[in-house]
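A.B. asks: Below, each chain spelled out in residue letters.
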Amino acid sequence: MNTYKFTKRSNYAFRDSGACGITALFNLDLEPVSGEKIKDMICVMRERENGQGAGFSVYGLFPEYQDQYCIQLILEDIPERPPAKERVEDFLSSCTDIVKEEKVPVDSNVFREYPLVWRFFVEPKCVSGEEDDMMKNIMMYINDRIDGAFCMSGGKNMAVFKGVGWSDEIAKFYRIEDLKGYMWSFHSRFPTNTPGWWGGAHPFSILGHAVIHNGEITSYGTNVEYLRELGYTCTLMTDTEPLIYIFDYIVRKSGYPYKIALQTATMAMAPPYWRDIDRMDPILKKWVASIRITHRWAMANGPFSIVLTTNMPRPTMIGHSDRKKLRPLIAALSEDEKTFYLASELNAIHEVDNTSNYWQPDPGRPVIATEDGVMLKGSDRDIYKFAEVLK
Amino acid sequence: MGENRQIVINANENGCKLYHRELNRKIREAIQNGYKHIILKNIMGQRFIGAGIKDDVVIEIYGDAGLDLGVFFGGKQIIVHGCSEYLLGNTLNGGEIVVYGDSWDITGMGARDGKIFVMGNGGSRVGIHMKEYKDKKPVICYGGKVKQYCGEYMAGGIIVILGLDFREAIIDRKKPLDRDNIDPSKIKNYDDPIVQSDIGGGIHGGAIYVRGEVPKEYLGVYAVKEKATNADKRILKPIIKRFCELFNCPEDLIWQKEFTKIRPISSRPFGKHYSTVPI
Numbered sequence: 001m002n003t004y005k006f007t008k009r010s011n012y013a014f015r016d017s018g019a020c021g022i023t024a025l026f027n028l029d030l031e032p033v034s035g036e037k038i039k040d041m042i043c044v045m046r047e048r049e050n051g052q053g054a055g056f057s058v059y060g061l062f063p064e065y066q067d068q069y070c071i072q073l074i075l076e077d078i079p080e081r082p083p084a085k086e087r088v089e090d091f092l093s094s095c096t097d098i099v100k101e102e103k104v105p106v107d108s109n110v111f112r113e114y115p116l117v118w119r120f121f122v123e124p125k126c127v128s129g130e131e132d133d134m135m136k137n138i139m140m141y142i143n144d145r146i147d148g149a150f151c152m153s154g155g156k157n158m159a160v161f162k163g164v165g166w167s168d169e170i171a172k173f174y175r176i177e178d179l180k181g182y183m184w185s186f187h188s189r190f191p192t193n194t195p196g197w198w199g200g201a202h203p204f205s206i207l208g209h210a211v212i213h214n215g216e217i218t219s220y221g222t223n224v225e226y227l228r229e230l231g232y233t234c235t236l237m238t239d240t241e242p243l244i245y246i247f248d249y250i251v252r253k254s255g256y257p258y259k260i261a262l263q264t265a266t267m268a269m270a271p272p273y274w275r276d277i278d279r280m281d282p283i284l285k286k287w288v289a290s291i292r293i294t295h296r297w298a299m300a301n302g303p304f305s306i307v308l309t310t311n312m313p314r315p316t317m318i319g320h321s322d323r324k325k326l327r328p329l330i331a332a333l334s335e336d337e338k339t340f341y342l343a344s345e346l347n348a349i350h351e352v353d354n355t356s357n358y359w360q361p362d363p364g365r366p367v368i369a370t371e372d373g374v375m376l377k378g379s380d381r382d383i384y385k386f387a388e389v390l391k
Numbered sequence: 001m002g003e004n005r006q007i008v009i010n011a012n013e014n015g016c017k018l019y020h021r022e023l024n025r026k027i028r029e030a031i032q033n034g035y036k037h038i039i040l041k042n043i044m045g046q047r048f049i050g051a052g053i054k055d056d057v058v059i060e061i062y063g064d065a066g067l068d069l070g071v072f073f074g075g076k077q078i079i080v081h082g083c084s085e086y087l088l089g090n091t092l093n094g095g096e097i098v099v100y101g102d103s104w105d106i107t108g109m110g111a112r113d114g115k116i117f118v119m120g121n122g123g124s125r126v127g128i129h130m131k132e133y134k135d136k137k138p139v140i141c142y143g144g145k146v147k148q149y150c151g152e153y154m155a156g157g158i159i160v161i162l163g164l165d166f167r168e169a170i171i172d173r174k175k176p177l178d179r180d181n182i183d184p185s186k187i188k189n190y191d192d193p194i195v196q197s198d199i200g201g202g203i204h205g206g207a208i209y210v211r212g213e214v215p216k217e218y219l220g221v222y223a224v225k226e227k228a229t230n231a232d233k234r235i236l237k238p239i240i241k242r243f244c245e246l247f248n249c250p251e252d253l254i255w256q257k258e259f260t261k262i263r264p265i266s267s268r269p270f271g272k273h274y275s276t277v278p279i
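Chains A and B are the protein sequences, given in the same order.
Mapping to my numbering: the first sequence position 362 is 362, numbers consecutive.
Mapping to my numbering: the second sequence position 163 is 163, numbers consecutive.
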């Protein structure tokens with residue numbers, strides 16, 4: 001009998017055909033938006049979930065604790081062991097200064113059984129410049145070694161909330177209407193390959209990055225081997241997890257200038273075909289070929305459409321898809337050009353904003369929005385903009 | 001009465017989105033009661049609208065239709081005053097589907113007959129596995145652009161891509177999109193190319209007509225391109241005429257540019273892969 005209800009995978013296998021739903025919204029002026037809006041967006045796509053998982057990420061949630069890392073956990077007690085919270089607290093106080101801790105407010109009427117949701121605001125004890133690496137290791141240590149604890153997120157001024165349930169249940173459980181943030185992503189799950197469990201719901205997060213994903217990554221094994229070399233341990237047994245580590249590695253650790261880092265990361269996940277690279281002009285050909293060769297094990301094979309959100313170093317939202325466009329993704333900008341949307345289906349966007357400025361990104365090309373506006377619209381010709389930056 | 005009996009179905013009563021099963025049940029009920037013109041209001045991405053309907057009816061949709069609109073449809077007409085999602089006209093059996101907006105991937109998958117007219121842009125794999133038999137020839141006509149793998153594994157029928165930009169021609173965005181809401185003088189041309197790579201990949205029947213030039217490297221496996229001849233223009237004429245009727249577009253504008261025809265390289269392009277007899 002499995003004693004873990006929330007923080008470890010169950011043996012319950014659920015198989016059915018279907019698809020996940022993804023939605024995201026980003027206020028480009030960084031003004032806080034209530035969670036009601038994103039909840040309306042996801043709940044309209046009822047066919048894109050089956051109650052086996054949902055979750056959301058919020059950015060700009062803790063204006064008072066902007067400089068501390070927020071470790072957000074789900075905890076459950078195991079018989080004959082000290083409470084999980086105590087063990088996490090002992091571990092955290094050995095390597096960080098805990099500035100504040102609090103119980104995450106939840107609605108107790110939604111689920112019959114639910115775990116304890118707790119958050120710590122911490123400052124790592126280490127030499128300056130290595131905080132991010134240390135926090136990454138702390139997150140991975142908790143998920144790998146501390147029984148009964150699952151770390152959902154550990155970034156600054158952001159948090160991830162997730163669980164097993166329908167999207168409206170999860171929204172109600174975490175009291176989404178009380179939360180305010182400038183950037184949101186919400187995922188409703190229709191698990192096909194792995195069972196639904198609390199930790200296995202999306203978004204997956206590391207530091208300030210979070211990813212939600214619709215599809216499946218068949219190159220999981222290759223990606224995991226590659227990440228192991230780079231110091232990332234994949235323990236959650238789900239194909240979405242490597243994507244966020246690949247993104248973190250290329251954007252934060254590889255040392256590419258910020259201007260090209262985002263495009264390098266997305267290009268590494270879905271690189272152009274060799275036949276297209278052969279036709280590019282020399283400077284672009286050299287770069288694209290070397291990205292493809294250097295990060296060849298970072299390539300994500302199989303159908304996917306993802307939304308990557310990050311605030312490291314700047315608030316950015318990326319919508320990305322595989323090269324054959326086997327999963328849906330629609331992008332939109334509000335009429336006043338202040339809010340950027342991404343969703344699986346157009347009706348999710350039209351539910352909250354009747355904008356006529358919507359488009360489908362080209363296969364394998366990222367849509368990138370920052371606070372300056374929509375940087376790339378996901379067109380085939382974006383690659384020439386990349387060439388200009390390189391020159 | 002009789003011929004034009006109309007019924008309006010509200011798909012969003014009391015702010016609650018009607019589930020697609022319930023909606024389709026209401027549509028079938030209306031057909032049984034003898035209604036010939038069914039108007040659906042406040043559609044918010046409901047799937048499978050008009051699934052398997054073979055009666056002589058017109059279904060008019062206000063809002064954004066969901067996936068699999070008109071799946072197995074064989075009735076008279078479906079009109080969408082808005083967008084349609086993926087899998088529009090999946091395995092279409094007949095009739096006509098008109099979309100005053102965009103409709104993305106996998107439009108007309110495995111269509112066997114009928115016509116699909118879309119004003120806006122398309123996505124990937126438009127017309128995949130389309131087929132024809134004797135006088136049953138499906139037609140897909142896109143006003144805008146399409147993406148990769150257009151006409152993949154196509155075995156029959158006609159796909160027409162026009163490359164027209166209707167975005168500025170809409171007179172009032174607040175009103176539902178229809179013929180009267182389009183200003184013909186403001187319709188523009190998209191720059192070439194209006195298609196993407198692998199057009200007609202694995203095609204072994206039928207033809208794709210692209211208005212304008214198609215780069216050679218965009219052709220899919222065993223697809224060849226040639227200039228449209230007068231015989232091709234005769235085939236295109238009724239399709240273009242109907243498109244212009246529906247979307248208030250001047251016919252002269254369309255004929256300004258030459259069409260490129262994409263067809264299979266031979267009548268049995270994949271014969272040597274499967275046949276034991278050398279051909």
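Hints listed in this document are in silico derivations from the structure and should not be mistaken for laboratory results.
Possibly wrong hints are sitting among the right ones.
Claimed, not checked - Here's a subset of chain A near chain B, in silico, CB distances under 10 Å, partners left out:
#	residue
1	R275
2	I277
3	D353
4	N354
5	S356
6	T370
7	G373
8	V374
9	K377
10	D382
11	I383
12	Y384
13	K385
14	E388
15	V389
16	L390
Think of the CB as a built atom: it goes at the ideal place given N, C-alpha and C, for glycine as much as any other residue.
A.B. asks: If a hint holds in the structure, say so; if it does not, say that too.
C.D. replies: How the hints compare with the structure:
1. Taking 10 Å as the C-beta contact cut-off toward chain B, the hint placing R275(A) at the interface holds, the least distance being around 8 Å.
2. The beta carbon of I277(A) is not positioned within 10 Å of any beta carbon in chain B (closest approach about 13 Å), and the interface hint is therefore violated.
3. For the restraint placing D353(A) at the interface with chain B, the shortest Cβ-Cβ distance is roughly 13 Å, beyond the 10 Å limit, so the hint is violated.
4. Checking N354(A) against chain B by beta carbon gives a least distance of about 8 Å; that is within 10 Å, so the hint holds.
5. Against a cut-off of 10 Å between C-beta atoms, the interface hint on S356(A) holds, since the closest Cβ of chain B lies about 5 Å away.
6. At about 25 Å, the closest approach between the beta carbon of T370(A) and any beta carbon in chain B exceeds 10 Å, and the interface hint on this residue is violated.
7. For G373(A), the interface hint is violated, the least distance from its beta-carbon to any beta-carbon of chain B being 19 Å, above 10 Å.
8. About 17 Å separates the beta-carbon of V374(A) from the nearest beta-carbon of chain B, more than 10 Å, and the hint is not met.
9. Because the closest C-beta pair between K377(A) and chain B is about 13 Å apart, greater than 10 Å, the hint is violated.
10. Because the smallest distance between the Cβ of D382(A) and any Cβ of chain B comes to about 14 Å, over 10 Å, the interface hint for this residue is violated.
11. With a cut of 10 Å, the hint placing I383(A) at the interface with chain B is violated, because the nearest CB-to-CB distance is about 13 Å.
12. At about 14 Å, the closest approach between the beta carbon of Y384(A) and any beta carbon in chain B exceeds 10 Å, and the interface hint on this residue is violated.
13. With a cut of 10 Å, the hint placing K385(A) at the interface with chain B is violated, because the nearest CB-to-CB distance is about 17 Å.
14. Proximity of E388(A) to chain B is violated relative to the hint, the smallest CB-CB distance being about 19 Å (cut-off 10 Å).
15. Given hint, V389(A) at the interface with chain B, is violated; its Cβ is 23 Å from that chain's nearest Cβ, farther than 10 Å.
16. About 23 Å separates the beta-carbon of L390(A) from the nearest beta-carbon of chain B, more than 10 Å, and the hint is not met.
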